[in-house]
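As given, the protein sequences belong to chains A and B, one line each in that order.
Numbering of the first sequence is given in our numbering, commencing with residue 1 and proceeding in unit increments.
Numbering of the second sequence is given in our numbering, commencing with residue 1 and proceeding in unit increments.
Bear in mind the hints are in silico, worked out from the structure with no lab data behind them.
Do not rely on the hints blindly, as some may be mistaken.
[To be verified] The calculated lysine to aspartate or glutamate pairs, modelled on DMTMM-like cross-linking and capped at a C-alpha distance of 25 Å, are: (1) Lys28/B - Asp725/A; (2) Lys581/A - Glu602/A; (3) Lys28/B - Asp721/A; (4) Lys778/A - Asp15/B; (5) Lys74/B - Glu391/A; (6) Lys74/B - Glu390/A; (7) Lys21/B - Asp425/A; (8) Lys74/B - Asp433/A; (9) Lys21/B - Glu383/A; (10) Lys643/A - Asp575/A; (11) Lys778/A - Asp120/B; (12) Lys751/A - Asp72/B; (13) Lys115/A - Glu8/A; (14) Lys783/A - Asp71/B; (15) Lys28/B - Asp708/A; (16) Lys777/A - Asp72/B; (17) Lys381/A - Glu675/A; (18) Lys74/B - Asp425/A; (19) Lys470/A - Asp78/B; (20) Lys747/A - Asp15/B.
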Amino acid sequence: MKIRFKFEINFILILVVSFTLVIVTGWFVNKKISTAVEKVNIRLYPDQRLTLMKDVSKDLGEAESKIYSFNLTKNRTFLTSFYKITNQTENKIRRLKNYSKRDVYYTLQIDSLEKLVLLKYNLMYRLLALQNEYRVNEAMGKVIEHIDRQKVIQQTNVPNSTNETTVTKSKKWTSIFNRNKKEEETQASEITETAEAGLELNQFKKDINEIKKQEGKKEIFNNNVELQLIQEDKIISSKISSFISQMDINERRNIARKTAQAKIAVVDAKITIQVFSITATLLLIITSLVIIRYIRKNNEYNAFLQQAKVESDELAESKVKFISNLSHEIRTPLNAIIGFSEQLSHQQSPLSEQEHQQLSIIQKSAVHLSHIVNNILDFNKLEANKVLLEEIDFSPEQEIKTVIDLLQFNAQEKNNQILLKISEDVPNFLAGDPVKLRQILINLLSNAIKFSENDEILVEVNMSRFRHYKIALEINVTDHGIGIEADHLNQIFREYEQENTEIPRKYGGTGLGLSISKMLVELQNGSITVSSEKGKETKFTVIIPYQLGEQIEKQIVEDHSLDFLQGKHVLIVDDENYNRKLLINILQKYHAHITEAENGHEALKQLEHSFFDYILMDMRMPVLNGIETAKKIRLHKKNPNHKSVIIALTAGSVDEFGDISALNAILKKPFHEKELTDLLKKEHWNHVETKNLQLEPKEKNYSDKLFDLTSLKALSGNNSDFFQDMIQTFIQTTQEGLMTMQQEFKKGNWKQISEIAHRISSPCRHLAAMNLYNLLKKLEHFKNFEDKSALENLINLAENEANLIIGAIKQEKI
Amino acid sequence: METLNKAVRISILEDNIYYNKLLTEQLKQHINDVAKRKKVKVDIDCFSNYSDFLTNFNTETSVAFVDYFLDDNKTGLDVLRKIKSTCFNCKVIVLSDTKNIWDMYMCLLEGASGIIIKDDNAFSLCNYIVDEQIKHKSA
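All chains, please: the whole structure from these sequences, using the hints.
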């Protein structure tokens, strides 16, 4: 227990440590890996930033090209695209600003980039503006050209209409191309054919040339501006470009740094996992070692316990054998003492008063000694759980009366009277073990007689409800003797204990009687209690549950005559000379022919050439013991002795002999003459009954007709299927029932045989198979299970009858 | 509705298959005529062992014919108690092959409506009991 407790603590500790380790390690590893992943993820942002920056640079280049394209082609589509690109660039710069707002350095850089971009776009706008001014100059050139042309035409054509048209057109051109504050409306003037008009025109031309010069100067200025702008643009572009490159380099450095950090985190995580694995492995090894050590220790203890159990069993076995041997050794001579003292007291020649007294003392002492030995043996058997309960039908009233009759003499010696009171509700028959009941009652009544004088000992028998049992027999034994102290009421049921040390000296006894009674009562699931008042009264109450029994068929043992023994041949087999002499002494009185044998071997020799009605055989013999001899006799089917009545006489326990089916009956030594003669009578009448069954099967309701199907046919009417079904059912159930009966017989399950016989008998009655019905009824009510040969005969007869019936049914081709 | 009220249910518990079939068949033949005349529906449930009976016993049973000695150490008394605990109004008739007075007494004490010995008159008595039930239902 201590070791188990220690092991459990160790085991729990290791488990706790393992779990803690797993959790902590898992947390660390998770953290490291998360860091590594985070660092890897950061790469996305720099990439995105860098991409945006490059986009911005690209946009600038594209915008520039759009401007140039527009300048060359004057296609407004390029202008529209340019404005779109500027919007895109603006958005991208806004997005760049949104990344890493907390990064001050980065924010400054983006601001710088934004300014450069704005400058660039500013330049582009200015370039664009310059281009528009040229158009005005160009337009002015065209005006002059056109005026020159008109002058030529006027000189050659009709003045009015053409001139009006020209003036109109001139007005139109002037109104269209006058952008630079020359919003003068030139009035259509009539060009005269005079020199004055020509002079005016020349003046006009001079003015325009002046303007053209001015514009030319402006153009030159603008070209310079343009060049300057272009140069500035180049500078800005290169600044932007280098700026973006620098940012690119910075980002790459950043990525490299983050990657290195991520690598370190991963390596850390790897190391942590390795450490954890090693630690876990070590812990597992330790745990395994602890468990192995525990199992080994456990096995050692188990082996030790096993050994102790084996030794204890051997000791118990030796004790049982010793007591069994001892009781046998004591009982054998006791048998001679009791037997011969009995014979002496019955002999014809008279004994003197003193001789009678002495003989009586010898007898009583021997009987008393025999009881002590029986008690010791019974106690021993009960302790070893080797007592088997019988279940047969018995009459409780009869059993109790038998016990009272047995002890009447002892009671009268002390001037005690035993009164019996049986309640009306006590059933006539119960099913249980009457032998154990007698034993219990003998113990209780013997005690009552022993401890009282001049008393009325009352035996009350009632029915009672006990625990969950519906039927229980309650027996109260009340005496008015010395009583028992209240403190000692429990100890009197303990083995070898009596109320006090004076009791054995004054009243005798081994102190086993009550403990045996208690064990026997409890073996039958009953209870025994005592109530007592010192010096006044003692009452023992025994309650034993039983089942209801069936009426016992009266055995024909009422006839006390032993005349049947006259002329009978009896073989006495015993290795003890005085046991043989005792039996001869008893049986010679009844004029039986007696033959002796010292052992089983000699007995078999005798049986080869002589027939014996009875074989009285001791069990423990040298050369060949009683049980082996009995088995050999039964096997020898050709010898008529194989059916002889074999009665075993034994001073030992029946259990030690194993299978006793070869025996007809067992008589325990020491025995009284009456016990022997009663047994011989019983066996005689059993034998007669079986013989009658074999020789005269046609008595009582036996019929010549095997069966009659009239009733079944009448019921079936025209339904032949039903008729066939019933016939098949009968054949099947009967055959199966008989087969099961044979099996149960081999197993010794007598009750089952009775039940099966009951079950399969009713169809036989319906089919008027009365012979079979009667045989099955006999089997159902068969009680003398010790007479196995008779039982086997009955079963065989029933089987034969059933086979005849079934054969006949099949022959009729039903 | 009318048909449902006029219904008689009979249960038979007999562990001997032959006798079980015999009793069932002869009751069926007898009931056929009577039930038709009285316009009562009659159902018969047959069981050959105790456990089967316990599982499938219908509490609407009007009369149960129960063999006294059954398998598995059970008797008609055990069955009788079970029936009375679930179907108090059910008439239980115990069929017995033996004439053990004590057994019969115990059965009657426990509420059996009658004991029929399995002799030549057994079937007639069973028929009579069923007739009474049918008459009672048709009234």
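Going down the list of hints, with the structure as the test:
{"no.": "1", "hint": "Lys28/B - Asp725/A", "in the structure": "holds, 16 Å"}
{"no.": "2", "hint": "Lys581/A - Glu602/A", "in the structure": "holds, 17 Å"}
{"no.": "3", "hint": "Lys28/B - Asp721/A", "in the structure": "holds, 16 Å"}
{"no.": "4", "hint": "Lys778/A - Asp15/B", "in the structure": "holds, 20 Å"}
{"no.": "5", "hint": "Lys74/B - Glu391/A", "in the structure": "holds, 17 Å"}
{"no.": "6", "hint": "Lys74/B - Glu390/A", "in the structure": "holds, 20 Å"}
{"no.": "7", "hint": "Lys21/B - Asp425/A", "in the structure": "violated, 39 Å"}
{"no.": "8", "hint": "Lys74/B - Asp433/A", "in the structure": "holds, 21 Å"}
{"no.": "9", "hint": "Lys21/B - Glu383/A", "in the structure": "violated, 52 Å"}
{"no.": "10", "hint": "Lys643/A - Asp575/A", "in the structure": "holds, 24 Å"}
{"no.": "11", "hint": "Lys778/A - Asp120/B", "in the structure": "holds, 20 Å"}
{"no.": "12", "hint": "Lys751/A - Asp72/B", "in the structure": "holds, 12 Å"}
{"no.": "13", "hint": "Lys115/A - Glu8/A", "in the structure": "violated, 77 Å"}
{"no.": "14", "hint": "Lys783/A - Asp71/B", "in the structure": "holds, 20 Å"}
{"no.": "15", "hint": "Lys28/B - Asp708/A", "in the structure": "holds, 23 Å"}
{"no.": "16", "hint": "Lys777/A - Asp72/B", "in the structure": "holds, 20 Å"}
{"no.": "17", "hint": "Lys381/A - Glu675/A", "in the structure": "holds, 23 Å"}
{"no.": "18", "hint": "Lys74/B - Asp425/A", "in the structure": "holds, 24 Å"}
{"no.": "19", "hint": "Lys470/A - Asp78/B", "in the structure": "holds, 12 Å"}
{"no.": "20", "hint": "Lys747/A - Asp15/B", "in the structure": "holds, 23 Å"}
In this structure, the earlier hints numbered 7, 9, 13 are contradicted, and the remaining ones agree with it.
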